[in-house]
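6 protein chains.
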Amino acid sequence: MATLGLVEYADATPEVRAVYDDIMAVRKTDWINNFWKALAHDPKTLRRTWESIKEIMGPGELDPLTKELIYLAVSTTNQCGYCIASHTAGARKAGMTDGMFAELMAVVGMANETNRLVSGYQVEIDQRFLAK
Amino acid sequence: MATLGLVEYADATPEVRAVYDDIMAVRKTDWINNFWKALAHDPKTLRRTWESIKEIMGPGELDPLTKELIYLAVSTTNQCGYCIASHTAGARKAGMTDGMFAELMAVVGMANETNRLVSGYQVEIDQRFLAK
Amino acid sequence: MATLGLVEYADATPEVRAVYDDIMAVRKTDWINNFWKALAHDPKTLRRTWESIKEIMGPGELDPLTKELIYLAVSTTNQCGYCIASHTAGARKAGMTDGMFAELMAVVGMANETNRLVSGYQVEIDQRFLAK
Amino acid sequence: MATLGLVEYADATPEVRAVYDDIMAVRKTDWINNFWKALAHDPKTLRRTWESIKEIMGPGELDPLTKELIYLAVSTTNQCGYCIASHTAGARKAGMTDGMFAELMAVVGMANETNRLVSGYQVEIDQRFLAK
Amino acid sequence: MATLGLVEYADATPEVRAVYDDIMAVRKTDWINNFWKALAHDPKTLRRTWESIKEIMGPGELDPLTKELIYLAVSTTNQCGYCIASHTAGARKAGMTDGMFAELMAVVGMANETNRLVSGYQVEIDQRFLAK
Amino acid sequence: MATLGLVEYADATPEVRAVYDDIMAVRKTDWINNFWKALAHDPKTLRRTWESIKEIMGPGELDPLTKELIYLAVSTTNQCGYCIASHTAGARKAGMTDGMFAELMAVVGMANETNRLVSGYQVEIDQRFLAK
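Protein chains in written order, with the numbering used here: chain A, 1 to 132; chain R, 1 to 132; chain G, 1 to 132; chain C, 1 to 132; chain U, 1 to 132; chain L, 1 to 132.
Some hints here could point you the wrong way.
Because identical chains cannot be distinguished in the list, a pair is counted as satisfied if it fits within a single copy or across any two copies.
The calculated lysine to aspartate or glutamate pairs, modelled on EDC-like cross-linking and capped at a C-alpha distance of 20 Å, are [as the list claims (entries may be wrong)]:
1) 93 <-> 22
2) 28 <-> 11
3) 44 <-> 30
4) 44 <-> 55
5) 54 <-> 124
6) 93 <-> 126
7) 93 <-> 8
8) 54 <-> 11
9) 28 <-> 55
10) 28 <-> 124
11) 44 <-> 98
12) 28 <-> 63
13) 93 <-> 11
14) 44 <-> 15
15) 54 <-> 30
16) 93 <-> 15
17) 44 <-> 63
18) 28 <-> 126
19) 44 <-> 126
20) 28 <-> 98
21) 44 <-> 61
22) 93 <-> 30
It should be emphasised that the hints constitute simulated quantities derived from the structure, not laboratory data.
Can you build the whole structure from these sequences, using the hints too?
Set out below in structure tokens:
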């Protein structure tokens, strides 16, 4: 179980409920997942994290699906079980097909491989790649 | 410098040149970056890595730009300097704007943060997220 | 279960028992946790690891609670489930409150985020930060 | 150089200058380090990151020095060169002595070692460590 | 369960069966482990990954046991539970004794420790270590 | 430069010199590399780290070359520049050929790839791999 337990809506303070309500409204769902219920023990971090995610994952130059794929790529690289499960669900909801998932995994795997080949071979950055 | 040095085209064996030629043809460029020149000391790994990347980064359900963004997200999470420099260039070539880069970084940063919040709070996977 | 199983006190050699006894004496407890019972299959590593931890976590310029918080910060960054669980318990015993835990997590999360922003933006070290 | 270059105060928009001014006021300094100048290309991330850090690193149950030590512990575990340099400076400013730095490093090193021993030996979490 | 489920031999396409058959033939076993059954949802990645592993883990200047030990060292450093379990089994099959396992873990733990001491102390590469 | 600078033999205390002397004797060299000179600011960590490494890297069931290859595999996975440079030199001295280096890198790269494929696909550990 989560270190400090989970804060259910019924037991939440008005401050926490306000965040839960906003999460459900923005995500068009009637459900709060465990991550938020665990963070709710620290209302400041709950609020700050949600406000940050809302801003970051909202409309922009990258579409919502691309952002979810990137989130899943990072979570997979870090091997965070919970994050992989929740963002696989999030990416599905945003339109990820089985084929996209398979291609995402292939890119993530290959990037993790070549990152180490580069380091192990001590490859120097090409002059052309240096930011000017 | 790279551990075993860099293999320039002029000094390369026919086997290595064939890979270099294919890289330049597929990427529509007349230039080979240091990563390949370092790997060329191991022709088998050079060939296998290139064939894998060609297959993975080629046309599919995800467009080339999305794949480059994912590659850059992984490289940033792993903090691989060379890979960040080379795939920033690669993503630019595939169409990444300054705004897309900024949004990519914001998502990568946030994912790295919440991955640790989840772990530190020992959050259990929600029943709904469990793959069936 | 642990790869080589767990060595219980009753089944331990005198060499292993001596380490177990010292752990219980130093920690003022009558209990040995699984980490040590797993390591006990390699008495040299058991002894060396315990002697090192005893020296490192003992009295110094940093107080025991601060050291436990640092241990938990590292374990959370590495996402080591066992280590997070055991060092959360250790930090509690050393005086960590719920509020301290929440602040620790907030700092760990933010540091993991900005570490990647720095890398992804390829930020150069300021002249003032260079060790002289 | 940073991917998008550095935004100097003289060239900054009013929005960016407002963040720079607040950073200098809160930190009681007349200087902005490269991290913020690089982020300034994305004013939203600049503002959000600064507001988050200001909230997280401000007064609380953990004192400022402890928070800086934790930030440095994470940055060292992630091996982020820039972050290690900047937070070593930050911790110094908050009161870290040479002796504290040495003890911090010793704990960080040991935690990174035992995190892997735990994983490699596949040690199961003790019943007593499970959060209730 | 695996994200896309597991593809059993009886339900596999001829393309997937061909890979399964080759895995069993090369490994002299009548059994396919879950990793391959999960990857089978993406026949291209299944084939490419298997062909790569067959080439990499096959006969060379390093003997099969050494290669398995290296695989386990990486998996332990990354704290990948599945990979640690499967490659511990693989290393056993290749001849790893309990004593070798213990020494491997000791080296992996120490390397993870000194990697961070080096980074945290910001140690510069000795002139003698620079590849020429 | 290293955070606290480097302690040269001429400036070292008798306690530090004793460790330097032992390093040179055990390694049959007349030279101390920067890692030890940086650690020397903390004589306790200097001594403990050296004694640990001497014990771990010494004669055992795994030969010295295999241990150096494992050290290099971990350092490459962690992308520690200094450690890769110093342990590439160490492995060379212990007998690593160019061909062995190339095979080592191939295994390290592949392990880093499959570690993420396993995590991303959420593959469950096979019953047969569970330690009894």
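Tested hints:
1. 93 <-> 22: Cα proximity of residue 93 and residue 22: one copy only (18 Å, versus 37 Å across).
2. 28 <-> 11: Answer is neither; intra-copy 22 Å and inter-copy 38 Å both fail.
3. 44 <-> 30: For residue 44 and residue 30, neither the intra-copy (23 Å) nor the inter-copy (29 Å) Cα distance is at most 20 Å.
4. 44 <-> 55: both (17 Å within a copy, 9 Å between copies)
5. 54 <-> 124: Neither, since 38 Å and 23 Å both go past 20 Å.
6. 93 <-> 126: between (40 Å within a copy, 16 Å between copies)
7. 93 <-> 8: neither (24 Å within a copy, 27 Å between copies)
8. 54 <-> 11: Cα proximity of residue 54 and residue 11: none, with 24 Å in one copy and 30 Å across.
9. 28 <-> 55: For residue 28 and residue 55, only the intra-copy Cα distance (16 Å) is at most 20 Å; the inter-copy one is 29 Å.
10. 28 <-> 124: For residue 28 and residue 124, the Cα distance exceeds 20 Å both inside one copy (48 Å) and across copies (23 Å).
11. 44 <-> 98: Only across copies: residue 44 and residue 98 sit 13 Å apart there, 37 Å inside one copy, limit 20 Å.
12. 28 <-> 63: For residue 28 and residue 63, only the intra-copy Cα distance (17 Å) is at most 20 Å; the inter-copy one is 28 Å.
13. 93 <-> 11: Classified as neither: same-chain Cα gap 29 Å, cross-chain 28 Å, threshold 20 Å.
14. 44 <-> 15: within (9 Å within a copy, 25 Å between copies)
15. 54 <-> 30: So residue 54 and residue 30 pass the 20 Å test inside one copy only (17 Å; across, 33 Å).
16. 93 <-> 15: neither (28 Å within a copy, 30 Å between copies)
17. 44 <-> 63: Between copies, since 17 Å is at most 20 Å while 29 Å is not.
18. 28 <-> 126: between (47 Å within a copy, 18 Å between copies)
19. 44 <-> 126: Answer is neither: 44 Å inside a copy and 23 Å across each miss the 20 Å cutoff.
20. 28 <-> 98: neither (23 Å within a copy, 30 Å between copies)
21. 44 <-> 61: Intra 29 Å, inter 14 Å, cutoff 20 Å: inter-copy only.
22. 93 <-> 30: within (15 Å within a copy, 39 Å between copies)
When held up to the earlier numbered hints, the structure conflicts with 2, 3, 5, 7, 8, 10, 13, 16, 19 and 20 and fits the remainder.
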